[in-house]
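Number of protein chains: 2
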Amino acid sequence: MTSDAGLACCTPLATGAAMSAAQAEQVAPLLKALADSVRLRLVSLIAASPSGEACVCDLNDAFDLTQATISHHLKVLHSAGLLDRDKRGVWVYYAVRPAALAAVANLFDTAALAPA
Amino acid sequence: MTSDAGLACCTPLATGAAMSAAQAEQVAPLLKALADSVRLRLVSLIAASPSGEACVCDLNDAFDLTQATISHHLKVLHSAGLLDRDKRGVWVYYAVRPAALAAVANLFDTAALAPA
DNA sequence: CCGAGACATCGACAAACGTCGATGCGTACC
DNA sequence: GGTACGCATCGACGTTTGTCGATGTCTCGG
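Chains as they are written, first to last, in this note's numbering: chain A, 8 to 123; chain B, 8 to 123.
A hint or two may mislead.
The list that follows gives simulated cross-link-like pairs (lysine-lysine, DSBU-like), each with its CA atoms no further than 30 Å apart [as the list claims (entries may be wrong)]:
1. B:82 to B:94
2. A:94 to A:39
3. A:82 to A:94
4. A:39 to B:82
5. A:39 to A:82
6. B:39 to B:94
7. A:82 to B:39
8. B:82 to B:39
9. B:39 to A:39
These are calculated hints, taken from the structure and not from any lab test. Quantities reported herein were computed from a predicted structural model and do not represent experimental measurements.
Can you build the whole structure from these sequences, using the hints too?
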């Protein structure tokens, strides 16, 4: 139950009609996974990486946190479907899943162009 | 400490350089406020309202939750700077603060156009 | 086969969160 | 003034969350 297939489409926040309770409960976990400064930086670090992916060992050095804590945060992001996990030899590489971020972006996209 | 003045600009998730720890800690509260299905629906309901605002009494009817709980959620959204509060007579009207939503949208905007 | 290193998992703990019932505070109407 | 109503606040509760140290699992090199 780790990867989410149908996380796509969702009514943007202000598209004329309010979003349904079911849709809210579908998107909320994505936001919940991102609603943490550490996880936000993790995603940012991975997304900003030239290769589009980052090794856990590198991510670990970017924080003053235990390896266990970073691993936990990565697990949360992976479980939410935001990160892809790829084990190569001894190292594990995480990459952002563009579709997931796009789903979230879609939420706020239309909302931004509210009345001035 | 309820309204936030400098919630604007923030490095989008994948703009080439990773976001700083300070920026992450600035944006995370906004996401945290939105990372709840009830609050997401509240914002959606208010944003989708024709007048751009909604009375608490109406919002209250849209959920199977106590009035105290809805009031609490509205307080969280208001404290995060996402909602404006306007008391008119006996009723209180909440309206979305476009700038706050735009700040969040900005985060994911550039991120969506990651490598294919 | 054995040791070392890279991550994940486990168990624990304090802090934060979502929800509720009860109560307080304004406002309007009789 | 009294009463009814809309909303906020308070106190309490069970649950979830972020963090840690310790331990487990896998992989590679000797």
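Please write out, lowest number first, the hints stated earlier that are contradicted by the structure.
none
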